[in-house]
Amino acid sequence: MGISNPFQLADNPWPAVVNQLIALWRHALGFYSQPDESAALFRQSGAALMLANYGSQQLQLLRAAGADVGYAIPEEGALAWLETGAITRQTKNTALEMRQGLANTITEPSQLRPTDRLVWLQPVEDRVRRQELWERIYSGDRAAKVLAP
Amino acid sequence: MRWGLAARLGSVLALVSLLMAGMTGLYAYQVARELLVHAAKDELMTATQVVARRVSDIRQEASRDLQLLARYPASLALLQGPPANQAAQATQLATLFSLLMRDHPAYFQMRLISASNYGLERVRVDRDGDTLLRVQGDDLQEKSHYPYVSSTLKLASGSTYLSRIVINHERGAHAGLGQPTAQMAAPVTNTQGQALGVIVINVDLKGAFARLTADLPPEFQLYLANQEGDFLIHPDSSKTFGFDNGQRVLIQHEFPPTQALVDTQVSQLVLEADAGVHAGAPMVAAFIAQKVMVASSESKLILGLAQPRSSVLNRSHALGMTILQIAGGLALTGFALALLLARWVTRPLNIMSTAVARFTPEQLIAGLPVHRQDELGQLARSFDHMQKQIRQQFTELQSNRQELEHLARHDALTGLPNRRLFMERLENALQRAKRTQSALAVMFIDMDHFKSINDAWGHDAGDAALQWVAQQLLANTRKTDTVARLGGDEFVVLLESPVQREQIDSVAQKLLDAMREPWFYDGHLCSIGLSMGISMYPENGDTADALLSSADSAMYSIKSASRNNFGFAPEG
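Chains as they are written, first to last, in this note's numbering: chain R, 1 to 149; chain E, 150 to 721.
Read the hints as simulated data drawn from the structure, not as lab findings. Quick caveat: nothing in here was measured; it's all calculated off a predicted structure. Just so you know, not all the hints are guaranteed correct.
Unchecked claim - If you want a taste of the chain R side facing chain E, the calculated C-beta under 10 Å gives, among others: (1) Gly-2; (2) Asn-5; (3) Phe-7; (4) Arg-26; (5) His-27; (6) Ser-33; (7) Gln-34; (8) Leu-61; (9) Glu-135; (10) Arg-136; (11) Ser-139; (12) Lys-145.
Note that beta-carbon positions come from the ideal geometry of N, C-alpha and C, so glycine has one too.
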């Protein structure tokens, strides 16, 4: 869309951004909130493409469920963020680590190629407004309603 | 303190009765308590099944409403008919929705959604507080990406879809916004079987369950979890829909045995939770995994009811008190019976012991319980038998002793007192005579020619002669006088007062005369004569020996002089 910094939008590109999001949204089959849910949705609906925002965790789940899937970073790049957590040596509940199946940040993931573009998350200009807009789009409001004050 | 048999027996029996009552009470309490807990668990499971049945009923009812609406001509007409009539049809449907929602407080929202226009809502009625609100125009939203639309559109006519139970984040949902919601939907199909839209009912999960469990006892707690175990309903609402904010609060973590339900190993279970968060107040809980029979993203729901174990056990406390009272009563009765029994056993024993203590050979024991038919009667009869034997032996012993005593003091041949008895009597007589200052006399008598009788006719003749002499002496003296045989052919006579010289003379003469009576031995006439020496008290001495020896000397004087005569000891 020719926007140089997607994290800091000025006032004028908003209608275009909302329309674009609604257009994208209208072509989506469904949305998920949990990795397990995403794997089930992927398999039940016979989906071809899924935005895997849980990353390697979902890849692991889908492969465990027998899906023939690959993991790729789109040309435009993928949003990336780093969540850190540590498990102490004395921890008793090691099930937590196994359950989450999170990617290890010490070693390079095999799915990443050196040419892949990762866009690191940045603070946005107005978090509350962006959330409100997205919730409206997600609820199925049409453009006029989404952009209403 | 001395413990008598009664006290000991009584206390042992009382202890035994106390122990028995206590043990029986304890055992009965434990068994009854277990039965009660078991019954309570059964009741809890039944209550859970009832709630599950009601949930199923609600679902079926919603299904029926959905099917009715899906087949309602205005629904299809609105989706495929000419736009001219659509406003009237929409109003008609909205009215119908409102009527149904008024009847069903658990319905948050009812909608007709078209398959076209990205799932645009065509008719929508929301609950907003106490009122029902028809949403129209720009407020209608596109819902094609929601599974309750996309999945339901794929279903055959007459099917029902149940969504996952989540927090409803759809903006503008009024009362339902932010509330736990399940969407139920049915496709509206045309005659070719093509789904043109869906009818959707949003069910208020919290409200529905609150009404379901309103008539359950207040201490009952309701749990609902989805197929993965995420809590949907929990007494602590902060534990519900953890996945909605990126957490997992799972039933199998709080109640570990429910893992089997999540893994579909069992379909229902009863458990006692007393660890973790329930350590302080242990719970008894029943869980049922209910399969979702309609097309759904939820394959099953886990429904549970829990109740504090204390409320289950409260009933057993009342039971415990009753059992305690019964056991206490039994123990007291046992105690009293033990005392009575101890008394009953020891009373005859005490009677016997008192009776036996009074036992003397002279007096037989009376009052022994010999007529009893038990062991005590036997003991009493043994005692009775024993005392009779003792008495008989004692009597025999007594007569033997008397006999021995007689033998020791009498002459066996003649039956007369012997020297020992004579000396005693002489001593006694002397004492009396000294005290009363009276006189007494001692006659020493020797048979004349005794040896020749022995020699002529043998010892038997001698013995017979001695016996005859003894008889004659006895016959011719007073009863108060003592005739004794000193040994061999020597006799002695003690004459007690009143004794005067003339009387003694006549007695002596009488004795000599008595010998003159004819006496035959074996056809032979035997002549027997006596030589008598007489001493007097106090003239011839004041001791027995002195008197006897004086008489003896006097007798010898006669024997050597004339025989068959008597003479007095010389005075001085």
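Results of checking the hints against the structure:
no. : hint    : result
1   : Gly-2   : violated (26 Å)
2   : Asn-5   : violated (28 Å)
3   : Phe-7   : violated (22 Å)
4   : Arg-26  : holds (5 Å)
5   : His-27  : holds (9 Å)
6   : Ser-33  : holds (7 Å)
7   : Gln-34  : holds (6 Å)
8   : Leu-61  : violated (13 Å)
9   : Glu-135 : holds (5 Å)
10  : Arg-136 : holds (6 Å)
11  : Ser-139 : holds (4 Å)
12  : Lys-145 : holds (5 Å)
The structure fails to meet hints 1, 2, 3 and 8 from the earlier list, while all remaining hints are met.
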